[in-house]
Amino acid sequence: NAGVTQTPKFQVLKTGQSMTLQCAQDMNHNSMYWYRQDPGMGLRLIYYSASEGTTDKGEVPNGYNVSRLNKREFSLRLESAAPSQTSVYFCASLDVNTEAFFGQGTRLTVV
Amino acid sequence: ELKVEQNPLFLSMQEGKNYTIYCNYSTTSDRLYWYRQDPGKSLESLFVLLSNGAVKQEGRLMASLDTKARLSTLHITAAVHDLSATYFCAVDRTGGTSYGKLTFGQGTILTVHP
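These protein sequence lines are chains S and L, in that order.
Mapping of the first sequence onto our numbering: residues 1 to 111, in sequence order.
Mapping of the second sequence onto our numbering: residues 112 to 225, in sequence order.
The reader is advised that the hints may include incorrect statements.
Stated by the list, open to error - Here are the simulated BS3-like pairs of lysine-lysine, each with C-alpha atoms no more than 30 Å apart in a straight line: (1) L:Lys152 / S:Lys9; (2) L:Lys128 / S:Lys57; (3) L:Lys114 / L:Lys179.
Think of the hints as simulated: they come from the structure by calculation, not from any bench.
Using the sequences and the hints given, assemble the complete structure.
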């Protein structure tokens with residue numbers, strides 16, 4: 001049971017480049033989330049998907065888009081990367097009355 | 112806007128001592144989570160607290176939830192070096208049958224030394 005799998009683990013982008021972070025879960029959870037973690041700020045919600053076919057903005061959505069491809073997969077896209085998007089990104093999934101399970105994270109640097 | 116505040120943010124403990132980390136939040140919620148994070152790693156779930164008065168214990172850690180006071184505590188008993196990590200509380204903002212939009216505290220960096 002792999003849980004939540006994120007790819008890639010590390011990425012360096014130049015300002016203005018685009019990329020997609022991939023996330024897949026094998027726990028049959030309905031809800032999936034993308035968070036970013038910056039030093040001293042905990043984790044902040046970027047986008048979430050309460051169920052297949054739905055997505056909603058979180059606390060810090062600007063500069064990002066998401067796709068809930070199916071129940072298993074939830075991707076995060078940066079269309080034009082900016083240095084302010086340098087962060088560690090975590091994907092998570094959960095279901096009712098369970099805790100959120102987190103992927104291993106993607107460490108993104110935008111130069 | 113839901114705010115979640117942890118204190119202390121930095122905690123240096125001696126092995127064998129007891130201490131408590133506090134998590135205060137600003138709006139009604141009855142779902143609170145505690146996570147542990149080691150440097151460069153993901154978040155590991157410690158406790159899920161789903162009702163007022165909930166108390167859970169695992170080894171040297173015990174968590175409790177007082178929804179009326181909007182306060183959760185993580186108590187560490189007889190600390191050992193292996194407990195050194197960053198601890199986060201997270202509060203679920205959504206109510207009813209909705210769930211999962213977590214708001215995290217800033218994290219408490221715990222260092223246990225001999």
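Outcome of the hint check:
1. A distance of roughly 11 Å separates the Cα atoms of lysine 152 (chain L) and lysine 9 (chain S); the hinted pair therefore holds under the 30 Å criterion.
2. A threshold of 30 Å between alpha carbons decides the hint, and for lysine 128 (chain L) with lysine 57 (chain S) the separation of about 43 Å lies outside it, so the pair is violated.
3. Between lysine 114 (chain L) and lysine 179 (chain L) the alpha-carbon distance is near 16 Å, which keeps this suggested pair within the 30 Å criterion.
In the structure shown, a violation is registered for the earlier hint numbered 2 alone.
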